[in-house]
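Chains as they are written, first to last, in my numbering: chain A, 1 to 344; chain B, 1001 to 1344.
Calculated directly from the structure, the hints in this document are not laboratory data. Note that the structure is a prediction, hence the values are computed from the model and not measured. Incorrect hints may have been included.
[Unchecked claim] Which stretches of chain A does chain B cover? Using the computed rule of at least three CB atoms under 8 Å from a CB of chain B, they are:
hint : stretch
1    : 150-162
2    : 208-215
3    : 248-260
4    : 282-290
5    : 298-312
Beta carbons: idealized from backbone N, C-alpha and C, even for Gly.
Protein chains: 2
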Amino acid sequence: MSKTKFNVAVVGATGAVGEQIIGLLEKRDFPVDKLKLLSSARSAGTVLNFKGQEITVEEAGPDSFEGIDIALFSAGGDVSKELAPHAVRHGAVCIDNTNAFRMDPTAPLVVPEVNADQIDKHQGIIANPNCSTIQMVAALKPLYDSYGISRIIVSTYQAVSGAGAKAINEMLRQSKEVLEGRDANPDILPVGSLPVKHQIAFNAIPQIDKFQDNGYTLEEMKMVRETKKIFGDEDIAVTATCVRIPVIYGHSESVYVELKNDYELEEVKQLLAESPGITLVDDPAAQAYPLATDAAGKNDVFVGRVRRDLGNARGLNLWIVSDNLLKGAAWNAVQIAEIIAAKA
Amino acid sequence: MSKTKFNVAVVGATGAVGEQIIGLLEKRDFPVDKLKLLSSARSAGTVLNFKGQEITVEEAGPDSFEGIDIALFSAGGDVSKELAPHAVRHGAVCIDNTNAFRMDPTAPLVVPEVNADQIDKHQGIIANPNCSTIQMVAALKPLYDSYGISRIIVSTYQAVSGAGAKAINEMLRQSKEVLEGRDANPDILPVGSLPVKHQIAFNAIPQIDKFQDNGYTLEEMKMVRETKKIFGDEDIAVTATCVRIPVIYGHSESVYVELKNDYELEEVKQLLAESPGITLVDDPAAQAYPLATDAAGKNDVFVGRVRRDLGNARGLNLWIVSDNLLKGAAWNAVQIAEIIAAKA
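Same shape as in the complex, but just chain A:
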């Protein structure tokens, strides 16, 4: 591109992730020349603020991308599938926050702390991994490099914001109903498009996204497949149980890893503490460990409860927490955009 300022499009500008992307572009002082905000017909006409300037959201269409250098998509997989090729045709680099291209072999799947080197290999589309995968692989990268990883067994504690603004409202509404002694009347979760609904207030729902034929949910299979692709290592055995809990922002994960080589616990903690993008919060005596409420609004991945499996010298337990809308989505995408901009 050989540029110092960029025309940027945000597709899904009025959504939960789009809003965070716009905020980060401003906060990080991203070198924006023109910012184009795009959405569905329903939300077009909304006026949003960027650096004190009012921008009217336009309906996204095949011809919305003329002159755009970088397009950040987070309006759902169908929109990305339809419009990203048009953005590429107009010469834009697409950073896609949906599941549309993650397993496409021509699209790099990037977490900058892990595989920033893949960005250069793009053919127009760079995929942003799923939120639950991003924070896990970011935290595991220093361990992967130092010891190797043979297997990962992860159980998640995921916030409702991962299912969008409607799910947040649903959880807050249900909480109020139950506190006042009424029925929760579930209407959105676990999956808006499926017939059965379950109460999320004061509950834990072991279903995120649809079930696959193998008995795993799509969310669980994303963690399995994306982890292998991001590390470029098909030999890592990954198994996941993904659970929605009544938290607004911030996914927590109980991650068990088996390393390929022996390790010293203090060295593991030091590696984590020194890694960019990671904050180690691990002081049992002070009852300090990562919490979703503390991670909310922050870009980092927080890691704590680091301890050796007493029954397996190469086994290690970690508690990994991050804001699912930031590092899990918007911040990871903006990080990729910053790397592209720096190299242009």
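Chain B: place on chain A using the hints.
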């Protein structure tokens, strides 16, 4: 004892578990001759109802157990340590719901579905395991018998009722505060007697009970040690991450087991479905799986999300849910009492 009716004492009668025990003794029509309700000085004088009869709670002391056949303790470890020996001296069999005697080699640690045969070996005290352990070993027993178990990796999603009535009130209060835009002002959790408090409303706290020198919490170490003792198998490798979430009743657990032998998934499901005390809820197409809100108030252990680790042919994921105050405490204790009564 050679009796058909029994004098029963409930120590901690006014607590959350004591209340459930009294309810179960009535509901199960336990052959009670006289029921003695005991508590701390603070709660003594409270009048409780049992089968239409009003019983005044008395202060528990060393001489409260004269003529008592079966004493059910759930008033905290210190009370059990002090008073259970006196109950034994008076000829009572103690079923202790606290951590006081669980690892005592002279006290059987019993989950009837797993090791009812140990009951006969008691020397006056039978220990009831920790709630999070009970539901896990009950669900794993049929798999242990059929295939053997080499390792268990468990992450829990535990209800606040496990920390007592105060923690329930705290969580409900905090939820209301946060919904109304105020600070949560944490006051009880994670551990009442420790200085640091964390918000539980809309959060996940990876600390239940105090930290041990090895970096694990006592709750996590209970799961490790008790599982080995209940199965009578020191070779099972167990590692646990115990997490409190904003649920009122019902602990959920994401349990990964590695079996010693090959298995067929359908056979595993059938074994679980046929096991006493277990209800299999596992129909992904119908979005059916165990939920804390469904398990609350029921005695069974609910198991679902049964699926093979795609990276390990002997690995198996399970989602295990049960009411922590019932099978996790009161019901397991009353089950033991029923077995003792039937053999008397």
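Do the hints match the structure? See the list:
{"no.": "1", "hint": "150-162", "result": "holds (count 4)"}
{"no.": "2", "hint": "208-215", "result": "holds (count 3)"}
{"no.": "3", "hint": "248-260", "result": "holds (count 4)"}
{"no.": "4", "hint": "282-290", "result": "holds (count 7)"}
{"no.": "5", "hint": "298-312", "result": "holds (count 9)"}
Checked against the numbered hints above, the structure breaks none of them.
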